[in-house]
Amino acid sequence: MKRTMLSCILVLILAACGGVNVQTEVGGGADFSQLVSYGWFEMSDASLGGVRVDNPEVDSWVKASVEKQLKNKGYVKALQGQPDFLISWFGAVETKVKVESIDHFYSSYGYGPVASSMPVESKGGDMTREYKEGTIMLDVLDPESHTRLWRGSGTDRVLQDLDEEEVALYVNRLVKSILSKFPAAKK
2 MKRTMLSCIL
12 VLILAACGGV
22 NVQTEVGGGA
32 DFSQLVSYGW
42 FEMSDASLGG
52 VRVDNPEVDS
62 WVKASVEKQL
72 KNKGYVKALQ
82 GQPDFLISWF
92 GAVETKVKVE
102 SIDHFYSSYG
112 YGPVASSMPV
122 ESKGGDMTRE
132 YKEGTIMLDV
142 LDPESHTRLW
152 RGSGTDRVLQ
162 DLDEEEVALY
172 VNRLVKSILS
182 KFPAAKK
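Quick note on the working numbering: the sequence shown kicks off at 2 and runs consecutively.
Just so you know, the hints here were simulated from the structure itself, not pulled from any lab data. Keep in mind that the hints are not guaranteed to be accurate.
[What the hints assert, rightly or not] Straight-line C-alpha distance at most 30 angstroms; calculated DSSO-like pairs for lysine-lysine:
#: 1; residue 1: K177; residue 2: K188
#: 2; residue 1: K187; residue 2: K72
#: 3; residue 1: K188; residue 2: K72
#: 4; residue 1: K69; residue 2: K177
#: 5; residue 1: K74; residue 2: K188
#: 6; residue 1: K74; residue 2: K64
#: 7; residue 1: K177; residue 2: K99
#: 8; residue 1: K133; residue 2: K99
#: 9; residue 1: K177; residue 2: K74
#: 10; residue 1: K64; residue 2: K187
#: 11; residue 1: K69; residue 2: K188
#: 12; residue 1: K78; residue 2: K64
#: 13; residue 1: K97; residue 2: K182
#: 14; residue 1: K74; residue 2: K182
#: 15; residue 1: K72; residue 2: K182
#: 16; residue 1: K133; residue 2: K97
#: 17; residue 1: K182; residue 2: K99
#: 18; residue 1: K133; residue 2: K69
#: 19; residue 1: K64; residue 2: K177
#: 20; residue 1: K177; residue 2: K78
#: 21; residue 1: K177; residue 2: K97
#: 22; residue 1: K133; residue 2: K177
#: 23; residue 1: K187; residue 2: K78
#: 24; residue 1: K182; residue 2: K69
#: 25; residue 1: K64; residue 2: K97
#: 26; residue 1: K72; residue 2: K177
#: 27; residue 1: K188; residue 2: K78
#: 28; residue 1: K187; residue 2: K177
#: 29; residue 1: K133; residue 2: K64
#: 30; residue 1: K182; residue 2: K64
#: 31; residue 1: K187; residue 2: K69
#: 32; residue 1: K133; residue 2: K182
#: 33; residue 1: K188; residue 2: K64
#: 34; residue 1: K182; residue 2: K78
#: 35; residue 1: K74; residue 2: K187
[Claimed, not checked] The following label-pair restraints were derived from C-beta to C-beta distances:
#: 36; residue 1: K188; residue 2: T96; range: 37 to 47 angstroms
#: 37; residue 1: T148; residue 2: N22; range: 23 to 33 angstroms
#: 38; residue 1: G75; residue 2: G30; range: 16 to 26 angstroms
#: 39; residue 1: K99; residue 2: A31; range: 30 to 40 angstroms
#: 40; residue 1: V27; residue 2: E134; range: 22 to 32 angstroms
All C-beta atoms in this analysis are idealised placements derived from N, C-alpha and C, irrespective of residue type, glycine included.
Please put together the full structure from these sequences, using the hints given.
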């Protein structure tokens, strides 16, 4: 229990160091003043084309987090009848490569003794690092035409070797950051 608690705290601390890169866009003519209820827009797996993270647990974490954030903003889930808007999500994890050049520091600008004591891979000038980056995209759709009213996406670096609880926290943090940009329900 203590280990889990410490892991969660560590994830939150590391998450606070870096920020989620959030981007939003509003569809032309979108009027959010009349929106109160929502429902989920479900697509067949065939239509996703590999865009969505293929994991039922991640799907449930995203949906639970979205529902919590929308409830906090004053929206209600439509249990019957047509909702005011539909919401859908997509996600992906990509491997990224970052190349950093440190040639200028260890070159012949007076750092000769320092440069000679550096490891060979540092003296070469470029350091290449691979990391994973996760993105969640939320679409708010008109329930009749399925045109996009709003889109929000959040991207952040994925830490390695996370357990399920830590991944759930990561997903929740991304969703919360994205929906912080979505307007609250008018009452």
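Now the hints, each set against the structure:
1. Distance hint between K177 and K188 is fulfilled; the C-alpha atoms sit about 21 angstroms from each other, no more than 30 angstroms.
2. The hinted pair formed by K187 and K72 meets the criterion: a straight-line CA distance of about 13 angstroms does not exceed 30 angstroms.
3. Note on K188 and K72: the hinted pairing holds, with a Cα-Cα distance of about 13 angstroms set against a maximum of 30 angstroms.
4. Under the criterion of a C-alpha separation no larger than 30 angstroms, the hint pairing K69 with K177 is consistent with the structure, at around 9 angstroms.
5. Simply put, K74 and K188 have alpha-carbon atoms about 11 angstroms apart, close enough for the 30 angstroms limit, and the pair holds.
6. Taken as a hint, the K74 and K64 pair is honoured in the structure, with Cα atoms around 15 angstroms apart against an allowance of 30 angstroms.
7. A hinted pair counts as satisfied when its Cα atoms are at most 30 angstroms apart, and K177 with K99 qualifies at roughly 27 angstroms.
8. Restraint check for K133 and K99: satisfied, since their Cα atoms lie roughly 11 angstroms apart, inside the 30 angstroms limit.
9. As the CA atoms of K177 and K74 are separated by approximately 11 angstroms, the hinted pair is consistent with the 30 angstroms bound.
10. Only pairs whose Cα atoms come within 30 angstroms are accepted, and K64 paired with K187 is accepted, the gap being roughly 22 angstroms.
11. Using a Cα cut-off of 30 angstroms, the hinted pair K69 and K188 holds, with the two alpha carbons roughly 18 angstroms apart.
12. Proximity of K78 to K64 is assessed by CA-CA distance (about 12 angstroms); at most 30 angstroms being required, the pair is judged to hold.
13. A hinted pair counts as satisfied when its Cα atoms are at most 30 angstroms apart, and K97 with K182 qualifies at roughly 26 angstroms.
14. Between K74 and K182 the alpha-carbon distance is near 11 angstroms, which keeps this suggested pair within the 30 angstroms criterion.
15. At roughly 15 angstroms between alpha-carbon atoms, K72 and K182 fall within 30 angstroms of each other, so this suggested pair holds.
16. Between K133 and K97 the alpha-carbon distance is near 6 angstroms, which keeps this suggested pair within the 30 angstroms criterion.
17. Restraint check for K182 and K99: satisfied, since their Cα atoms lie roughly 29 angstroms apart, inside the 30 angstroms limit.
18. Simply put, K133 and K69 have alpha-carbon atoms about 27 angstroms apart, close enough for the 30 angstroms limit, and the pair holds.
19. Restraint check for K64 and K177: satisfied, since their Cα atoms lie roughly 12 angstroms apart, inside the 30 angstroms limit.
20. At roughly 17 angstroms between alpha-carbon atoms, K177 and K78 fall within 30 angstroms of each other, so this suggested pair holds.
21. Of the pairs offered as hints, the one joining K177 and K97 holds, with about 24 angstroms between alpha carbons and a cut-off of 30 angstroms not exceeded.
22. Simply put, K133 and K177 have alpha-carbon atoms about 20 angstroms apart, close enough for the 30 angstroms limit, and the pair holds.
23. Between the alpha carbons of K187 and K78 the distance comes to roughly 15 angstroms, so the proposed pair stays at or under 30 angstroms and holds.
24. This hinted pair checks out: K182 and K69 have alpha carbons roughly 15 angstroms apart, not beyond 30 angstroms.
25. Proposed proximity of K64 and K97 is supported: the alpha carbons are some 27 angstroms apart, at most 30 angstroms.
26. Distance restraint check for K72 and K177: the Cα-Cα separation of roughly 12 angstroms lies within the 30 angstroms cut-off, and the hinted pair is therefore satisfied.
27. A distance of roughly 15 angstroms separates the Cα atoms of K188 and K78; the hinted pair therefore holds under the 30 angstroms criterion.
28. Pair hint K187 plus K177 holds up; C-alpha atoms about 19 angstroms apart against a cutoff of 30 angstroms.
29. Taken as a hint, the K133 and K64 pair is honoured in the structure, with Cα atoms around 23 angstroms apart against an allowance of 30 angstroms.
30. Proposed proximity of K182 and K64 is supported: the alpha carbons are some 17 angstroms apart, at most 30 angstroms.
31. Among the hinted pairs, K187 with K69 is consistent with the structure: their alpha-carbon atoms are about 17 angstroms apart, no more than 30 angstroms.
32. With a C-alpha separation of about 25 angstroms, the suggested pairing of K133 with K182 holds against the 30 angstroms cut-off.
33. Simply put, K188 and K64 have alpha-carbon atoms about 24 angstroms apart, close enough for the 30 angstroms limit, and the pair holds.
34. The hinted pair formed by K182 and K78 meets the criterion: a straight-line CA distance of about 19 angstroms does not exceed 30 angstroms.
35. A C-alpha spacing of about 9 angstroms is found between K74 and K187, which places the hinted pair at or below 30 angstroms, so the restraint holds.
36. At roughly 44 angstroms, the beta carbons of K188 and T96 sit within the given window of 37 to 47 angstroms.
37. For the pair T148 and N22, the supplied restraint of 23 to 33 angstroms holds, since their beta-carbon distance comes to about 26 angstroms.
38. In this structure, G75 and G30 meet the distance hint of 16 to 26 angstroms, their C-beta atoms being roughly 22 angstroms apart.
39. Between K99 and A31 the CB atoms are about 36 angstroms apart, so this pair conforms to the stated range of 30 to 40 angstroms.
40. At about 25 angstroms, the beta-carbon gap between V27 and E134 stays in the expected band of 22 to 32 angstroms.
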